[in-house]
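As a plain string of letters, each chain reads:
There are 2 protein chains.
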Amino acid sequence: MIQLLTSDFEKLEKQKRTNLINCLSGLRAANLIGTINNTRKSNLAIFNSVNHIGANPPLMGFIQRPASVERHTYENIKSTRCFTINHVNENIYKQAHQTAARFGENVSEFEKTGLNEFYSNIIKAPYVTESLVKIGLTFEEEVLIKSNNTILVIGRVVELIINEDFLTEEYLLDLSKTKSIAVQGLETYYKAEKIAKLPYAKPDLNILT
Amino acid sequence: MIQLLTSDFEKLEKQKRTNLINCLSGLRAANLIGTINNTRKSNLAIFNSVNHIGANPPLMGFIQRPASVERHTYENIKSTRCFTINHVNENIYKQAHQTAARFGENVSEFEKTGLNEFYSNIIKAPYVTESLVKIGLTFEEEVLIKSNNTILVIGRVVELIINEDFLTEEYLLDLSKTKSIAVQGLETYYKAEKIAKLPYAKPDLNILT
Numbered sequence: 001m002i003q004l005l006t007s008d009f010e011k012l013e014k015q016k017r018t019n020l021i022n023c024l025s026g027l028r029a030a031n032l033i034g035t036i037n038n039t040r041k042s043n044l045a046i047f048n049s050v051n052h053i054g055a056n057p058p059l060m061g062f063i064q065r066p067a068s069v070e071r072h073t074y075e076n077i078k079s080t081r082c083f084t085i086n087h088v089n090e091n092i093y094k095q096a097h098q099t100a101a102r103f104g105e106n107v108s109e110f111e112k113t114g115l116n117e118f119y120s121n122i123i124k125a126p127y128v129t130e131s132l133v134k135i136g137l138t139f140e141e142e143v144l145i146k147s148n149n150t151i152l153v154i155g156r157v158v159e160l161i162i163n164e165d166f167l168t169e170e171y172l173l174d175l176s177k178t179k180s181i182a183v184q185g186l187e188t189y190y191k192a193e194k195i196a197k198l199p200y201a202k203p204d205l206n207i208l209t
Numbered sequence: 001m002i003q004l005l006t007s008d009f010e011k012l013e014k015q016k017r018t019n020l021i022n023c024l025s026g027l028r029a030a031n032l033i034g035t036i037n038n039t040r041k042s043n044l045a046i047f048n049s050v051n052h053i054g055a056n057p058p059l060m061g062f063i064q065r066p067a068s069v070e071r072h073t074y075e076n077i078k079s080t081r082c083f084t085i086n087h088v089n090e091n092i093y094k095q096a097h098q099t100a101a102r103f104g105e106n107v108s109e110f111e112k113t114g115l116n117e118f119y120s121n122i123i124k125a126p127y128v129t130e131s132l133v134k135i136g137l138t139f140e141e142e143v144l145i146k147s148n149n150t151i152l153v154i155g156r157v158v159e160l161i162i163n164e165d166f167l168t169e170e171y172l173l174d175l176s177k178t179k180s181i182a183v184q185g186l187e188t189y190y191k192a193e194k195i196a197k198l199p200y201a202k203p204d205l206n207i208l209t
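From first to last, the protein sequence lines stand for chains W and U.
For what it's worth, the working numbering labels the leading residue of the first sequence as 1, then goes sequentially.
For what it's worth, the working numbering labels the leading residue of the second sequence as 1, then goes sequentially.
Hints in this document: simulated from the structure, not taken from any laboratory.
Wrong hints could be hidden among the right ones.
Since copy identity is lost for identical chains, a pair holds within one copy or between any two.
Claimed, not checked - DSSO-like, lysine-lysine: derived pairs with alpha carbons at most 27 Å apart:
id, residue 1, residue 2
1, K191, K202
2, K179, K16
3, K11, K94
4, K146, K194
5, K14, K202
6, K78, K14
7, K177, K197
Extracted from the complex, chain W is given alone in its bound form:
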């Protein structure tokens, strides 16, 4: 066993420290966030920080890093008040990963990666045609995290487009059908293999035996 302390993190070269700290939270869902600006230029970016915020109202959030160079996703959400979250699946993870490249100001990642735009009649932002779980959100709130000047951007789910047979009787998404995948750190992709569905935890229910 090794014990790494603050002084050890600080001694690590930058890339190794970034890798290590990025891995600590474990597996993270890979999602593509689709937006559009006021001149109808679309944008698509992969995020590994999409999280559930609450079920009622239905809220989801993601972490936007500090303004450094470009952050079209954030600017587009602020101006159009909407965005889409699209699950990355096994068939499109390479294209999804490639959206992270810096293509420059006037290029849509849709064009560059070959992923296709899909528009519903509910919100302006583009969905990813190839994604099997398409979630449409309106901008709800942004929260500044002072510790490192990142922003938690929160949206309200207003639309969900899926195949009907992805839903179990209990309204769980069947990941064996959506093929949704996870990412560790920034670059290592994983698919999920179900271990078990456990019952609701109760003090008198002994599931350990």
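Given the structure of chain W, go ahead and fit chain U onto it with the hints provided.
What follows is chain U alone, placed relative to chain W:
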């Protein structure tokens, strides 16, 4: 394909809506958060909302639901200013799940689930002996999410206890060794199977062929 809208979510019975919305963000890492109160009573709770906040400084966060009945984790963190995050692995996911049961005021989930406490010389909060990735944090910041009165609790990583051979040359955690698992919604557990590690995304690097 089906299109579910706000009015459809509202029509769903509560448990189905909770299930559905909880699934939308995809796979989430399963983590145990360990804390202790000022009378040295330990607490352990499973969370599926642990997220990476930033690498420098090394920050991680989790979502604390609104004060309803008990929230020992939050109260302990506020009074002792520290907590631990412990990856759930394939060998302990049933015990980890069982920490979600409401055992009452004066009971430690360690005792009730058979997981063991481990203390380092750096922070007061207990680690889970059986977890193979033990992360110690000091309380850094809490951010109120007004939309639903949840709190994003943020800690700074001050200690990491792992086996040395879990780290790759690039300082990525090898999940095939840590056996860290993910949860979908609240009750379905998944293990991860590696698909690929992709190179850093660059505009001129064509990884799609």
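(message) My question is about K191 and K202: at a cut-off of 27 Å on alpha-carbon distance, are they close within one copy, between copies, both, or neither?
(response) Answer is between; shortest inter-copy Cα gap is 24 Å, intra-copy 30 Å.
(message) For K177 and K197, with the copy left unspecified, which applies at a CA distance of at most 27 Å: within, between, both, or neither?
(response) both (16 Å within a copy, 23 Å between copies)
(request) Using 27 Å as the alpha carbon limit, work out where K11 and K94 are close: within a copy, between copies, both or neither. (result) For K11 and K94, neither the intra-copy (33 Å) nor the inter-copy (38 Å) Cα distance is at most 27 Å.
(message) I want to check one pair: K179 and K16. Are their C-alpha atoms no more than 27 Å apart within a copy, between two copies, both, or neither?
(response) between (30 Å within a copy, 21 Å between copies)
(message) At most 27 Å between alpha carbons: which applies to K146 and K194, within, between, both or neither?
(response) neither (38 Å within a copy, 35 Å between copies)
(request) With 27 Å as the alpha-carbon cut-off, assign the pair K14 and K202 to within, between, both or neither. (result) between (45 Å within a copy, 19 Å between copies)
(message) At most 27 Å between alpha carbons: which applies to K78 and K14, within, between, both or neither?
(response) neither (32 Å within a copy, 31 Å between copies)
Consistency note: the structure conflicts with the earlier hints numbered 3, 4 and 6.
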